[in-house]
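Take the sequences, apply the hints, and build the full model.
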Amino acid sequence: MKGRIATTIVVGALIFFAGYAALFLAPDEKTMHVIQRIFYFHVPSWIAMFIAFSIVFIANIAYLATRKSNWDCLGVSAAEVGVVCCTIGLATGPLWARPVWGIWWTWDARLTTTFILWLLYISYLLLRGLLDDPEKKATLSAVFGIFAFLDVPLVYVSNRLWRTQHPQPVILGGNGSGLDPTMGKVLLLCVIAVIGVMIIVLFDRYRLERLRHEFEELRLEVETRDLTPASILGKEST
Amino acid sequence: MRFLRQTLAIAAKDLRSEIRGKEAVNAAFSFALVILLLFSFAFDPTAAESRRYGPGLLWIAFLFAGSLMLNPSFAREQSNDTLDALRMAPISPFAILSAKMLANFIFMSLVELVLVPVFGVLYNVSLSGVAGRLILVLVLGTIGLTVTGTVFSAISSHARMRELLLPLLLLPILTPLLIAAVEATASLLVDQPELDRTWVALLAGFDILFLTASWLLCDYLIEE
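Those protein sequence lines, which keep their order, are chains A and B.
Just so we're aligned, residue 1 is where the first sequence starts under the numbering used here, counting upward by one.
Just so we're aligned, residue 239 is where the second sequence starts under the numbering used here, counting upward by one.
Treat the hints as calculated values from the structure; they're not laboratory data.
Just so you know, these numbers come straight off a predicted model, no measurement behind them.
Heads up, none of these hints are tricks.
In silico lysine to aspartate or glutamate, EDC-like type, Cα no more than 20 Å apart, as pairs:
| hint | chain 1 | residue 1 | chain 2 | residue 2 |
| --- | --- | --- | --- | --- |
| 1 | A | 137 | B | 401 |
| 2 | A | 185 | A | 29 |
| 3 | A | 137 | A | 221 |
| 4 | A | 137 | B | 322 |
| 5 | A | 136 | B | 401 |
Written out as structure tokens, the structure reads:
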């Protein structure tokens, strides 16, 4: 418990400082000026989303291999956190695109892929909501999660071949690409801070899911017991 | 050999029950026809326009009809618990799954066999010169649709509101298939038709990837 409070304080301070650094310490971008600062939260939320969905995929496989409910809990927690990160990315993207590209949205490979990714994991969460039997819920949603993750490269390739407008990757994007060193440092700080927040939320969500799972198990156990007054009285008389 | 015999036996059972009931194929066909009709009001179906929109609406009609038709595939085994009977028989789970895929593939092909000429007539698109290549695209696209659709039908058959859930699970997954199938079909409907190999390769890749995945995961789909 103490450790959790300490990490929350550390990560809280980190995200606060990251916000400050993104707004005041990072240099102004040459053409986009202040608008470009949304980049320091747009990119980290994508990275966090990618980590979260990879955790879902690993948890799905691990659940099918081991049948331990912990993995299922981890899978659903990471999916929810990933959907939140994805929503942040999808919301900050158009805010940035409108002044810079002149449009809110474009059907480019990366944008379309993320949009479909978002829909896929919302379907994953919906599917879980509509399956009642806990065992079935875990198994079948794990199968769906694996299918959804396998689909992502195909979605990306097909859209890539089709149309594209999003800028080439600035970092590791080949010759002529690259960030100002200060920008790079601020971005790194923001990535670490956002991933920190993601991990804390994921951890809390996981604990909640474990409790929920335990509660369900206890409830099932109580339900299967015969608790009618007659049976209790009957036991007493014998 | 054993696997093939089991698959064919179960697929034959599904075909027989469909021939007697004719529910899924009829419903899917009528539904796809309604979509084609509605699109003719939404877009102007003159020949030049329909060559541009045609492939897209044809595949949208197939995808919607497919997501409607694939639903009973596993759901019909539930009313009399016949899936349990299949499971108890000494049959490999993948034989059950692939039999369902085969049956659905045949149903879907029947729907397409009627619908593609109807599309050609209604939208004034000449298909006779490219029939062979068009069939290749249709077959590859239909394999992808029925493989993923059958797996998701097995998943959604256990859920509440399964009729609504199946399209919701299936359609986002099928986007790469839709893009590739539409582009490949479009490359056949222009003045100098030439099949675009890239999209055919993507369709084949989609089919192979998800067929392999369903082979690996079928034990979990068909288990009790």
